[in-house]
Amino acid sequence: MVSSMIKKNKRLYIFVFLSMVLPFLSWQTAYAQLKGTVSSADFNPIPIAVTDFIAGDQMGVQISSVVTADLERSGLFKPIDKSSFLERISNPDVQPRFPDWQQINAQGLVTGRVTKEADGRLRVEFRLWDVYGGKQLEGRQFYATPQTWRRVAHIIADAIYTKMTGEKGYFDTRIVFVDETGAANARVKRLAIMDQDGANLTYISNGRELVLTPRFSPSRQEITYMAYAGNNVPKVYLQQIETGQRELVGTFPNMTIAPRFSPDGQKVIMSLLQDNGSANLYTMDLRSRSTTRLTTTPAIDTSASYSPDGTQIVFESDRGGKPQIYVMNTDGSNQHRISFGDGSYSTPVWSPRGDYIAFTKQSQGQFSIGVMKPDGQGERLLTSGFHNEGPTWAPNGRVIMFFRQNQGQQPKLYTIDITGRNERVLPTPNGASDPAWSPLLD
1 MVSSMIKKNK RLYIFVFLSM VLPFLSWQTA YAQLKGTVSS ADFNPIPIAV
51 TDFIAGDQMG VQISSVVTAD LERSGLFKPI DKSSFLERIS NPDVQPRFPD
101 WQQINAQGLV TGRVTKEADG RLRVEFRLWD VYGGKQLEGR QFYATPQTWR
151 RVAHIIADAI YTKMTGEKGY FDTRIVFVDE TGAANARVKR LAIMDQDGAN
201 LTYISNGREL VLTPRFSPSR QEITYMAYAG NNVPKVYLQQ IETGQRELVG
251 TFPNMTIAPR FSPDGQKVIM SLLQDNGSAN LYTMDLRSRS TTRLTTTPAI
301 DTSASYSPDG TQIVFESDRG GKPQIYVMNT DGSNQHRISF GDGSYSTPVW
351 SPRGDYIAFT KQSQGQFSIG VMKPDGQGER LLTSGFHNEG PTWAPNGRVI
401 MFFRQNQGQQ PKLYTIDITG RNERVLPTPN GASDPAWSPL LD
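Heads up: the sequence shown begins at 1 in full-length UniProt numbering, then just goes up one per residue.
I should point out that these hints are in silico values taken from the structure, not numbers from a laboratory. If you're wondering where the values come from, they're calculated on a predicted model, not measured in any experiment. Incorrect hints may have been included.
Just the calculated beta-carbon pair ranges, DEER-fashion [unchecked claim]:
#: 1; residue 1: Arg88; residue 2: Thr115; range: 16 to 22 Å
#: 2; residue 1: Arg353; residue 2: Gly277; range: 34 to 40 Å
#: 3; residue 1: His336; residue 2: Pro99; range: 56 to 62 Å
#: 4; residue 1: Phe340; residue 2: Arg88; range: 58 to 64 Å
#: 5; residue 1: Thr292; residue 2: Pro427; range: 37 to 43 Å
#: 6; residue 1: Thr115; residue 2: Glu247; range: 39 to 45 Å
#: 7; residue 1: Asn329; residue 2: Thr202; range: 35 to 41 Å
#: 8; residue 1: Ser65; residue 2: Lys322; range: 46 to 52 Å
#: 9; residue 1: Ser333; residue 2: Asp119; range: 56 to 62 Å
#: 10; residue 1: Arg337; residue 2: Pro427; range: 36 to 42 Å
#: 11; residue 1: Thr202; residue 2: Phe340; range: 41 to 47 Å
#: 12; residue 1: Asn430; residue 2: Ser65; range: 22 to 28 Å
#: 13; residue 1: Pro427; residue 2: Asn334; range: 40 to 46 Å
#: 14; residue 1: Ile104; residue 2: Arg337; range: 50 to 56 Å
The beta-carbon is built from N, C-alpha and C at its ideal position, and this holds for glycine as well.
Please model the complete structure; the sequences and the hints are all you need to start from.
Spelled out as structure tokens, the structure:
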């Protein structure tokens, strides 16, 4: 049993061990039946059976339930009802009776066990089986504190997702967003953070200052956001999620929108309003606090986002008469427009994969969330409604989150697959807007 990974943060110590992992075979051979076409809208979810993990209490059921919910919510898996299971797993170390699972059309099978160690930690084991190939695909065990069992469940779901789809998982992540309460003319906005499934919600700010557009660092658990205090002058902050430590980046009387990190987390890019009413893009080095101007136009340039390789920047500009999407090199050169459809385009965000740019489009009284390739080709609208806005990418580039506000209602958070399938509302206790997806937790 070989140690493969150590997960560590302020409260969590998880030691991950690879156990009895068989050599990976080609999806075109023994594992072909587990391979789905996950790039098209007509994909049929993979039937999978997730058994209750063996345990001396309800912890096994709780962990397997979170794993099941993660996989089902992705839209790529169809968990099979437990009432149809023909075999009762009593020892996850023993090879299951594959014909029993084939009979209920399970292509994947997950078994597991939870035991409590003498020092109070939990040991969580799981195995993923290829039912038709008659092979074990994955087997791991984790050690964690009882308080962090949900993270273990998300990590297990990520491992299953990766093994069966060939794509990286995204379940062991968090969402920072703006929690909204109160009347429309006296709205209280607080920063909140939660797991990607809506669990473990906590508040980062107390509501005494107006907070806007939080953004996650792509390289660590850190956010930047804009806040208005008593003098109504916008301030930009950096805040560490684990420690709560907050650092003032600067005060910007003419700022128009909160900054966004560069891929290495060392810079932020932001839009600053000029005296003539225009707004241009600047970068700030977070170590030296020095700024560099990238655009010089009489228009409004805003909502900038880096490509994942750090070589290009996508942004919104009305220099052509109405808001459209433009791309430039990171030094400001080669500025060119890539959106040419009807209506106006805003809030562009580059996918972590680099293959798409998500955006908001306003046309014919509707707000749509869409994607296009970095050269502007292949535009597709994923969902439309009264007011959809603020796309943010899951770290694997497969799922987009955004917020929707229907007329007369509070805003809510939604997720949708890049194929336009599987639109889901994410439960929050109050109104919710401006989401930002974290990278995978360390």
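Evaluation of the provided hints:
no.	hint	in the structure
1	Arg88 with Thr115: 16 to 22 Å	holds (19 Å)
2	Arg353 with Gly277: 34 to 40 Å	holds (37 Å)
3	His336 with Pro99: 56 to 62 Å	holds (60 Å)
4	Phe340 with Arg88: 58 to 64 Å	holds (60 Å)
5	Thr292 with Pro427: 37 to 43 Å	holds (42 Å)
6	Thr115 with Glu247: 39 to 45 Å	holds (42 Å)
7	Asn329 with Thr202: 35 to 41 Å	holds (39 Å)
8	Ser65 with Lys322: 46 to 52 Å	holds (48 Å)
9	Ser333 with Asp119: 56 to 62 Å	holds (58 Å)
10	Arg337 with Pro427: 36 to 42 Å	holds (39 Å)
11	Thr202 with Phe340: 41 to 47 Å	holds (43 Å)
12	Asn430 with Ser65: 22 to 28 Å	holds (25 Å)
13	Pro427 with Asn334: 40 to 46 Å	holds (43 Å)
14	Ile104 with Arg337: 50 to 56 Å	holds (54 Å)
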